[in-house]
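J.: In the order they appear, the protein sequences are chains A and B. When we follow the working numbering, the leftmost residue of the first sequence carries the number 9, and every step to the right adds one. When we follow the working numbering, the leftmost residue of the second sequence carries the number 19, and every step to the right adds one.
Mixed in with the good hints there might be a few duds.
[Unchecked claim] Computed from the model, here is a short list of chain B residues facing chain A with C-beta under 8 Å: (1) HIS119; (2) ALA121; (3) LEU147; (4) PRO169; (5) ARG190; (6) LEU194.
Source of the hints: derived by calculation from the structure; they are not laboratory data. Heads up, the beta-carbon is just placed ideally off N, CA and C, and yes, glycines get one too.
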Amino acid sequence: MIERLKSIGRWLDARLQIGETITEVAEHPVPRSSASWWYIFGSATLVVFMLQVVTGICLATVYTPAADRAWDSLIYLNYQQPLGWYLRALHGWGSNFMVALMFIHLIQVFVFGAYKFPRELTWVAGCVLLLCTLGMAFTGQVLRFDQNAYWGLGIGASIAGRTPIIGFKVVDLILGGPIIAGETLSRFFALHVFVIPALLIGFVGLHLFLVLRLGINEYPMPGRIVRRSTYLQQYQELVHADGEPFMPFAAQKDLVFAGLIILALLVVAAVEGPIGPNGQPDPTIIQTVPRPDFFFLWLFSLFALLPPWTETFLMLTGPVAVIGLLFAVPFISGTGEKSWRRRPFSVVIVILAVTMVGTLTWLGTFSPWSPVMDAWSAAPTPVDYVKGRTPLELEGALLVQSKQCRNCHSLGGVGGMRGPALDDTATRLTRDQIVRQIIQGGGNMPAYGKNLTPAEVDAIVAFLATMHPAGEPPARDSARPAVPASE
Amino acid sequence: MTPPPDETGTSPETTTRETTTRRSFLFSLGIAINAIAIALFAIPIVGYVLSPARRFTWLDWIPLGPLTDYPENQTRLAEYVNPFKKAWDGETAKIPCWVRHVAGDQFQVFAINCTHLGCPVRWFAESELFMCPCHGGAFYSDGRHASGPPPRPLYQYKYKVEAGKLWIYAGRLPTLGQPSA
């Protein structure tokens with residue numbers, strides 16, 4: 009039996025002439041130190057990408073990339089197509105897995121100095137893969153054609169529209185017409201299933217080819233300096249003196265990790281289910297709170313928190329600068345130390361970037377800058393704040409609700425966080441200051457002078473003047489005589 | 019077989035040289051033909067892909083319904099169907115907008131899109147503010163900026179009152195590069 013298989017193999021190889029290449033690739037020597045658990049993320053990203061191709065093709069057999077049908081076909085996939093929900097879950101969560109693994113891989117190769125001579129272009133190819141993967145994540149979010157997709161496109165168009173002079177042409181080009189509609193979705197479908205995957209596959213090929221040809225980066229050692237004149241020879245010596253064949257020595261770790269990742273994806277997708285779609289992409293349904301997917305939340309936060317006057321400039325130049333810098337990394341420091349122990353600046357950059365993106369993402373999950381649109385009608389007034397209040401103060405409490413103050417100001421921790429919480433207003437502002445703040449606004453608060461009658465202002469101020477925690481006296485106007493203590 | 023003198027005037031000395039020249043000529047010719055062919059091929063491709071940006075205006079007069087739909091001193095949500103719709107646009111062809119009837123024939127018709135990044139602003143009649151659910155922009159009833167990151171007042175459509183109806187001049191997504199008005 010085995011003899012029979014072997015003879016079939018020989019027959020095939022005599023014609024395919026591929027056996028030698030496969031053996032060569034599988035057994036190419038890698039530095040013993042590189043067969044590390046740190047080196048498993050790139051291959052895992054590739055494995056998840058291959059799963060994405062499989063689940064993506066499956067979804068494409070049902071999904072309908074037409075603006076009037078896309079949402080219906082998603083709902084069909086979720087609830088009627090057998091296992092459609094699971095395929096959507098695998099594809100959606102697979103996308104999250106892929107982006108996460110890719111960023112871990114990016115950080116790892118950066119920290120390990122893997123981009124240095126002679127692997128500069130391996131890094132550059134990786135940067136293209138990074139852009140493509142983020143492009144897939146964004147276009148994929150558009151194909152999940154729901155309210156978030158619709159308004160997310162609006163945000164993309166609004167950013168593009170800020171380009172000087174040709175801005176509106178760029179908008180037309182992105183949307184495929186004057187508004188977000190049928191051709192917009194079709195354009196993003198073409199990008200998501202043809203253009204970007206083709207680029208991805210091509211650059212994955214280049215990336216892998218370079219890894220094979222140039223050899224995997226050796227585990228960095230402090231003091232082992234990369235010099236253009238000596239590195240190649242040193243690497244050859246290292247590989248031959250202290251090397252092992254890639255298969256199975258290093259591949260076994262990749263294999264184990266990739267298997268675990270696939271299992272994890274299967275479990276997460278089964279437990280969490282498909283991502284969306286939320287409401288149908290009907291722009292006349294304006295009772296919506298558009299939010300981007302997890303990996304773009306930090307951008308969402310950034311756009312809310314940047315000083316407005318820097319915004320257009322940073323939106324247009326920021327991405328170019330950041331991406332340019334990323335591509336330039338190997339040309340800025342292509343030689344020298346690889347070990348993170350001798351590259352404190354690089355470590356600081358990673359820590360800063362991760363902290364910044366992490367913090368912005370965390371803020372994005374609850375977006376304190378957004379008004380809570382239904383707080384005025386839905387959030388109850390804490391009982392303690394109405395107990396023992398005079399009718400005028402109660403009227404004020406009512407006005408704080410009905411005038412929608414709570415969309416931006418919280419009471420008892422419920423309500424918007426755009427403005428300060430009102431629970432202790434009286435400790436910060438005197439009555440006069442409260443009046444002025446309400447009438448004139450300022451400090452990011454709209455002016456309510458025209459919208460409130462004097463009687464309404466009186467009532468609100470009477471209520472807010474009671475808002476100070478027990479034992480904490482209200483703010484006092486130093487120009488006026490202190491209110492005589494009642495004791 | 020005498021070789022023809024080549025263009026530089028020097029005649030090829032050997033047969034090998036001759037074939038090389040002829041071959042390299044054919045090769046150059048091949049490249050030239052392909053370069054021209056691909057350039058020609060690129061014209062329809064580029065034209066096709068860029069076609070949405072070729073049309074300069076995407077605006078038309080659209081009726082928003084009888085004036086009686088919009089009581090004075092009130093701001094109401096209206097919707098229209100985009101005049102440049104395609105058969106497969108579905109519900110995305112419907113566009114909402116805010117109509118503020120100031121007095122008599124005086125209106126303000128605001129685009130739904132926040133001037134910051136295009137999210138749908140919502141009108142709050144009690145506080146007389148438009149609030150945006152995305153990055154916290156707020157506008158007064160007349161569209162002026164009240165708070166948050168928006169860089170300009172709400173976009174306004176051109177309007178006219180004709181035959182007892184309110185008409186707006188609309189058809190494209192307003193952005194900072196091309197406010198609809």
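J.: If a hint holds in the structure, say so; if it does not, say that too.
T.: Now for the hints, and whether the structure bears them out:
no., hint, in the structure
1, HIS119, "17 Å, violated"
2, ALA121, "16 Å, violated"
3, LEU147, "6 Å, holds"
4, PRO169, "6 Å, holds"
5, ARG190, "4 Å, holds"
6, LEU194, "5 Å, holds"
In summary, the numbered hints that this structure violates are 1 and 2.
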